[in-house]
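**Q** As given, the protein sequences belong to chains X and A, one line each in that order.
Its first residue numbered 563, the first sequence is counted upward by one per residue in the numbering used here.
Its first residue numbered 3, the second sequence is counted upward by one per residue in the numbering used here.
A portion of the hints provided could be inaccurate.
With a straight-line Cα cutoff of 30 angstroms, these simulated DSS-like cross-link-like pairs (lysine-lysine) come out [said to hold, decoys possible]:
id, chain 1, residue 1, chain 2, residue 2
1, A, K35, X, K671
2, X, K671, A, K22
3, X, K573, A, K187
4, A, K225, X, K636
5, X, K636, A, K35
6, X, K696, A, K35
7, A, K22, X, K636
8, X, K696, A, K187
9, A, K22, A, K187
Not everything, but these chain X residues come out facing chain A in the computed CB check (under 7 angstroms) [what the hints assert, rightly or not]:
id, residue
10, T613
11, L615
12, R617
13, H639
14, L643
15, G645
16, S647
17, A649
18, Q651
19, E653
20, I662
21, R665
22, L666
23, N837
Not everything, but these chain A residues come out facing chain X in the computed CB check (under 8 angstroms) [unchecked claim]:
id, residue
24, L39
25, L108
26, M117
Hints were generated in silico from the structure; no laboratory data involved.
The structure displayed is predicted, hence computed values, not measured ones.
Just so it is clear, CB atoms sit at the ideal spot from N, CA and C, and this is done for glycine as well.
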Amino acid sequence: MEVAVEVRDLKKSFGAVEALRGVSLSVERGTVLGLLGPNGAGKTTVIKVLTTLLRPDSGSVFIEGCDVLADPAKVRHLIGLAGQSAAIQEELTGRENLEIMGRLYHLNKSSSQTRAQELLERFDLVEAGDRPSKTYSGGMQRRLDLAASLVGRPSVLFLDEPTTGLDPRARIGMWGVIRDLVEEGTTLLLTTQYLEEADVLADQIVVIDQGRVIATGTSGQLKDRVGGDVLEFTVVDPNRLEDAKRAVIDLSMTEPILDPKSAKVSVGVGQYGTNALANAVRNLDSVGVEVEGLSLHRPSLDDVFLAITGHAASGANEDGAITRGRKGRRSTSKSRNEVVND
Amino acid sequence: MTNQKVKDIPMVTEWTSLDKLRYGIGDALIVSKRDLLVWLRVPAFIFFTIVQPVMFVLLFRYVFGGAIAVSVPGGYVDYLMPGIIAQSAAFASFGTAIGLAREIQLGVIDRFRSMPMARSAVLLGRLIADTIRLVVTVLVILLVGYAVGFRFHNGVGPGILMLLLGTIFGVAICCVSAYCGLVFKNEETVQSFGLAWLFPLTFVSSAFVPVGSMPGWLQVFAKHQPVTIVINEMRALALGGPAVRGGIESALWLIAIIAVFIPLAVRSYRRV
Ligand SMILES: Nc1ncnc2c1ncn2[C@@H]1O[C@H](COP(=O)(O)OP(=O)(O)OP(=O)(O)O)[C@@H](O)[C@H]1O
Ligand SMILES: [Mg+2]
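So that you can see chain A by itself, here it is in the shape it has in the complex (with noise of 0.2 angstroms):
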């Protein structure tokens, strides 16, 4: 090997946005690549974004389902789904969190930021990566879901927007985590503080329950919170119902997440 700058590496110092961006979206896709391949290969992370909803879909069709009183045309299980659905995509985000925390500590970040590579291209590398996990995941819900009785009551058009719904909630999710992952830079950290702010969201909600049933004081948070809105959304798609205030306000709601937590995933991307 010799020292000197060989011609196969460009040294391209001086990029024009149109090289921008072709690295920019070259460079994340390589990088997503890269986070679906560790994925594929941690039994752990499979599990979490696999088999805990399944075993969820399961639990709550056939242990709990039985004692909950719902009224949508067919049952618990037509009712369970979408709520599933939002909380997988929710859980799943804590790969995005744990996975920033792990190469922040291992300096894989600094290494990647005295490369010659597009800045952008970790986080959206990323982001890329976890959608496709998330539609993985949801995907594998459905299925499974359909096994255990679960149907659409609305047509496709509706099923479909309601998956992606589903999805999209997953991914402002996964923002807030990077967020998370970024600032608390410990792997063990972000575990525990996920828990801590994912579980009340996503339990005081209407995914598993009826808001209804839930005493009072709870109603009142558990009403008004996004993952409720965007669940109940989510079920008006799937099973038929108003959708558009819904709709509204649900999209609201993601934008505003993604809008305030892109931003500060970035900055302090910038400062680790």
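Bound conformation, chain X alone (with noise of 0.2 angstroms):
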């Protein structure tokens, strides 16, 4: 396979913040690569070097071949960038948006309309193209700026957070948009805090934290890692942990993970969640051991940082995908992950 992105121990400081401590990856021709990360992970910085924004301070970058630090004008031929923000004038309509973007590309005036038209079709913008895009929900506001990152048909695109802010339905939405420009054979990178995510649409992954890569993998590697489905309690006696952690060992893929500041136990139990969410009851009854807050849940990025690093992720997400230390997981876990049934 050909190397269509190579990065070469990136590293990059803002005065005494290091956001980037020598972060390597490749990325194959045709492929898409998943940057999975907390708030504050380094991802965007990654994407600003990638995208010519930004110069790093030590480090190489290659994109189809091309040199991105010493040759940045031919790199911008050649990728698209959606940033962490839909960048698109809201006064403008989408049309408009769009080809304005074209005449930027230096298409001339009937190749740009041309362009636009092609890029509404495309994301089903055809009936709001030409109202400004103010009034566009989110999930539309977001195809636009997927679609203005095409215009100049990249060989490379670079996504920040795509489906960040974006409701669940808008999401699943994105998603397939997406993956429609991945089976075209465009090469991508995008960045996520959601592990779910980059388990839909990558097919590699790599797990940065404080700059620094702590994983890297198909997302099937990495949940082996967790044990798969997670299963999760607080016992309401913390003297009582051990006997907690005993009595769910045989469930359990991994090595359980105990949290005794918040008394809570973490099992990675495999994909047969149901039938260990049923056992680890009796046990644990029979034990006489009383807990709390019993829940299963798909492993999320939260888990993959317990598996690794043994503790969570220290990010603080706005919309409480992850939040500082352990005592956010529970509400995560409700909210984001359905239970698994199956």
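Take each chain as given, in its own frame, and dock them per the hints.
**A** Okay, here's the thing in structure tokens:
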């Protein structure tokens, strides 16, 4: 396979903040790389360096064989970027936004119009195309933003958190759009805070935390490290944490993780979550350990963090997907990951 | 859609200087067209560049004017117009700062900078659009001024020069605002900071009242600051009186402001 994006040992500091401390990754042509990490991990910084917006302190980046640091002008012909916020002009219509992009890619007037029409059709925005884009829903704005990043027919596309802030339905719509793109052979590097999203979209996942790569692999490999579905509960009497651990250790694919502070236990139980749930209840009951907030959920970024680093991701997400420490996890699993019932 | 590069997008990577110039100007014009289109669609922007200056003219002409003693040919309305043109031109620069800050916040500038378009286009385009806006503002004020009794007393040539000076003054202030917008990168900050420096600079000047009527300590500032110098020169051009020395001083000030703030703005644009 040919490599479309090659990043070696990228370092970048902002004053005292070391945003990147040596990030390396590569993306094969026509595949999707998911850059997964909590707030402040350095995802946007990576994207900015790769899209010629930011010079790293050291390291090297090649896109389709072009040296990004030596020849950024050439690289700009190859890439498309949809940043973390929808970079559209809200007062202008969807069509105007796209036509202006076309003109700025030095298409002539009629080619710009054709291209805009093509993209409106493809992203299901024809009806709304002549309305000011501030009247669009969040999902439509994101689609328009994505469309705008495709005006120049990039061979490598960068999407920074393409679904953050979207409701679940719009998110799933966006996933469909992104998957179609990939089918056409676009190389894609996207960032996300959700394992679930990387799972759906990415061929390879690179997990970063505090400017470092802490894991690389397919979503299957990452989930294996967590031990599949995650069973989680709080022990009412913290002194019985060890008893609780012994009661569930047989169900567990990996070593159960205990958090003495919050008296929480988290166990990777593999694919047979529902069985495990029943067994856990039975076992805990038989040794007389009282628990609360027993829940079962698909592994999240937080679980990957916990499995790899032994501590939860320390970011804080606007919608609470990842919160500081372990405190926010239960609400997270409730709102974001429906209980698995297969 | 296919993933192949198509012929319709020029894949020019080795630009000659001529290409650079052509694309540089072309891209700037596209950006300025876009900026003007946005401006036309936002009622608040129209309000600030047209309605507010007109209200100021009426307010000072009919409400405050009677209480302000001046000694120029046609009375207060003639005194007022050059001042209000300069003040409005300066306030129009809010649009520059707010526009740039918004675009940074939205990520529009990031996208533009990741595209194969001229790097200078965003700033140059905005400056072109803002100059056009300024001309519109100046002409609207002039019309309203005429309607409420303002007249030129010094002939057409100097009159046009006065309008030109007011516009160039506005452009210079836009350069300062562009820099503020690029440094603060936040609409609200830019807005309040803009007020903080534009208000004293335009009101503690000879724009609305003769400097001589201010307390002594304030006069020291009011007399020597560039807004007063430019406005006095505009007055001399519109109404007659010695204009050479003030013309040179105004030109030096404006050149200095532009020469300092354009490079500053460009530098911070590169860093956003
Ligand atoms: N221009 C800057 N100046 C100073 N610090 C910065 C700058 N940009 C990023 N940082 C810091 O670098 C670190 C990484 O930031 P980055 O934006 O890359 O994170 P991220 O993974 O994209 O986070 P998020 O999920 O919140 O978007 C953070 O600690 C951030 O505060
Ligand atoms: Mg980010």
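**Q** Work down the list of hints and note, for each, if the structure agrees.
**A** The hints, checked one at a time:
Taken as a hint, the A:K35 and X:K671 pair is honoured in the structure, with Cα atoms around 14 angstroms apart against an allowance of 30 angstroms. Taking the CA atoms of X:K671 and A:K22, the gap is about 20 angstroms. The hint holds against a cut of 30 angstroms. Between the alpha carbons of X:K573 and A:K187 the distance comes to roughly 25 angstroms, so the proposed pair stays at or under 30 angstroms and holds. Between A:K225 and X:K636, the direct Cα distance comes to roughly 53 angstroms. Violation of the 30 angstroms bound is thereby established for this hinted pair.
A distance of roughly 26 angstroms separates the Cα atoms of X:K636 and A:K35; the hinted pair therefore holds under the 30 angstroms criterion. With a C-alpha separation of about 19 angstroms, the suggested pair X:K696 and A:K35 falls inside the 30 angstroms cut-off, and the hint holds. Between the alpha carbons of A:K22 and X:K636 the distance comes to roughly 14 angstroms, so the proposed pair stays at or under 30 angstroms and holds. Taking the CA atoms of X:K696 and A:K187, the gap is about 21 angstroms. The hint holds against a cut of 30 angstroms.
Our distance criterion of 30 angstroms between C-alpha atoms is met by A:K22 and A:K187, whose separation comes to about 28 angstroms. Evaluation of the X:T613 hint against chain A yields a held restraint, the C-beta minimum of about 4 angstroms falling below 7 angstroms. Among the interface hints, the one on X:L615 holds; its C-beta lies about 6 angstroms from the nearest C-beta in chain A, closer than the 7 angstroms criterion. Given hint, X:R617 at the interface with chain A, is violated; its Cβ is 10 angstroms from that chain's nearest Cβ, farther than 7 angstroms.
Look at X:H639: its Cβ gets to within about 5 angstroms of chain A, closer than 7 angstroms, so that hint holds up. A distance limit of 7 angstroms between C-beta atoms decides the matter here; for X:L643 the minimum to chain A is near 4 angstroms, and the interface restraint holds. At a threshold of 7 angstroms, the smallest CB-CB gap from X:G645 to chain A is about 4 angstroms, leaving the interface hint in force. Below 7 angstroms, beta-carbon pairs count as interface contacts, and X:S647 has one with chain A at about 5 angstroms; its hint therefore holds.
Because the smallest distance between the Cβ of X:A649 and any Cβ of chain A comes to about 4 angstroms, under 7 angstroms, the interface hint for this residue holds. The interface hint given for X:Q651 holds, since its Cβ lies 6 angstroms from the closest Cβ of chain A, which is under the 7 angstroms cut-off. With a least beta-carbon distance of about 4 angstroms to chain A, the hint placing X:E653 at the interface is held under the 7 angstroms criterion. Contact between X:I662 and chain A, as hinted, is supported at the beta carbon level, the nearest pair being about 5 angstroms apart and thus within 7 angstroms.
Hint status for X:R665 relative to chain A: holds, with the closest Cβ pair at about 5 angstroms, below 7 angstroms. A distance limit of 7 angstroms between C-beta atoms decides the matter here; for X:L666 the minimum to chain A is near 5 angstroms, and the interface restraint holds. At its closest, the beta carbon of X:N837 sits 45 angstroms from a beta carbon of chain A; the interface hint therefore is violated under the 7 angstroms criterion. Interface restraint check: A:L39 against chain X, minimum CB-CB distance 6 angstroms, threshold 8 angstroms, status holds.
Taking 8 angstroms as the C-beta cut-off, the interface hint given for A:L108 holds, the closest approach to chain X being about 5 angstroms. Checking A:M117 against chain X by beta carbon gives a least distance of about 6 angstroms; that is within 8 angstroms, so the hint holds.
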